[in-house]
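Spelled out from the first residue to the last, the chains are:
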Amino acid sequence: MDAAPNTALIDDLVRRRLEELLPQKIEEALARREAEHTPAMTIIVTKGTLDWAYPPMILSTTAAAMGLNVTLFFTFYGLTLLLKDPKLRVSALGNPALKMPMMGGHIGMPNLMSMIPGVDSGASAIMKGMMKKKGIASFEELRGLAIESDVRLIACQMTMDLFEYTLDDLIPGIEIGGAATYIEVAAQSEINLFI
Amino acid sequence: MDAAPNTALIDDLVRRRLEELLPQKIEEALARREAEHTPAMTIIVTKGTLDWAYPPMILSTTAAAMGLNVTLFFTFYGLTLLLKDPKLRVSALGNPALKMPMMGGHIGMPNLMSMIPGVDSGASAIMKGMMKKKGIASFEELRGLAIESDVRLIACQMTMDLFEYTLDDLIPGIEIGGAATYIEVAAQSEINLFI
Amino acid sequence: MDAAPNTALIDDLVRRRLEELLPQKIEEALARREAEHTPAMTIIVTKGTLDWAYPPMILSTTAAAMGLNVTLFFTFYGLTLLLKDPKLRVSALGNPALKMPMMGGHIGMPNLMSMIPGVDSGASAIMKGMMKKKGIASFEELRGLAIESDVRLIACQMTMDLFEYTLDDLIPGIEIGGAATYIEVAAQSEINLFI
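Residue numbers (the numbering used here), protein chains in the order written: chain E, -10 to 184; chain B, -10 to 184; chain Z, -10 to 184.
Derived by calculation from the structure, the hints in this document are not laboratory data. Be aware that a few hints might be false.
[Unchecked claim] If you anchor each label on the Cβ, the simulated ranges turn out as follows:
1. A(-3)/Z <-> M55/E: 48 to 58 Å
2. G56/B <-> T27/Z: 20 to 30 Å
3. I165/Z <-> E153/E: 56 to 66 Å
Yeah, the Cβ is synthetic: ideal placement off N, Cα and C, and Gly gets one too.
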């Protein structure tokens, strides 16, 4: 027997089978990859006021409950959210969309009113009261839940240096990292937000 | 005839053909998947001032015109953008980068000036006038266009409860949802923004 | 010798080999493809104050140094960051999370204090001083580094028109584009942020 025709025959069969099998096997591999893949979310947390403290905490605890890997990167004013005693305040200033019930439901608080010392802390107290009444968890409760849910919490090194914070000022379990740490995680994450 | 040499030959041919065909078949499968896939965008809309009302509307109507599936999730102060009569205002306060023509093109308005009652509404009127003069659509026009373009509009349940809004306060065609609704859509979307 | 049983035998061997080899080879090819892919980042830059000028510059120069393709889209107040002489200021107003060292490390500056003409520029000078002391590059240095790192800088056409800027007001090397330009790039990018 001659090997040459045999080779041609086998080659032909191999090609035909590959044409048949490859698209299906590739689809299967991609579907398997997708099914096995854990989606991920990152949030750059840059604001430290009472109102803006909520979105990162609500989004991250919800995402963690849904099975996503979540990383929060606290930088600039957002770093204050990691302080042991964060003393969060809401500011009505420059925020004409803030709706306070004491104004009869009218949207916005006149700027002059926000200027009066104590009005901002008054607004903060009112907002905290409204949230409590509506059964919304406090910021500290949500932060605790994030930690229990294995949300990865990273404090920005540069901000720590700039504002002269030490790890001792922060709640336990915080990692220190920089922009490169964030980018590495974000490049592998489906949802990346800057709050 | 002995099967042994045949097996080695088959094995060799299979491996060689596979090396040849696989990269091309994977490219084809991925290109097919991409061609069939509709890209998607989500925006979490959290601000309710005149200036910040524009980016979500411009981005979502442009993306929809380009064939993307777009979902807007209105929460916190952003929920006011769904009100039947949104009465949007711009605030010059705490925003030194705002350039108003009445100041001879100088960037920023002194904070004390913004404190004078009526200055913020004056700034809003000026901005609306500038936009009209430049042929930029009004917020209400863009919102209408978003609805016509099948942009999915979701109002945050928690914010509705907190600020005591009902569906009756909102324009028609709004869905109600929570953070989980958002995360489910965002995990499948190419572009996710928080405005 | 009859060809028929031989063909069936060969076919069977080919199939078995393929079943064995394909999953692993496909995984390898997909992993190789991923390794060859250059990840990308886009940032919509909408703020023009000293503090908010930093995050886009730090993130984009870090990402570029890590090998990502980076595109910055400057719109609204963010367009001022592309001016030849940007004159950036920080505002303490409405930002109770701002920690200034002159207040003994207490977080927040009373709003009334920010109202005094000159206090915002004082705050800006203090922040610039703090950053210099900590060895943090100035905004202009970071912007120069972004250009050297081939970060793609796009100025929003609509904002240019609205605020009556011309290319001559901007630093050299800036592209002009609209929301569609942004969406096209963002739909192909792993990290998309709105700052």
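Evaluation of the provided hints:
no.	hint	in the structure
1	A(-3)/Z <-> M55/E: 48 to 58 Å	51 Å, holds
2	G56/B <-> T27/Z: 20 to 30 Å	25 Å, holds
3	I165/Z <-> E153/E: 56 to 66 Å	42 Å, violated
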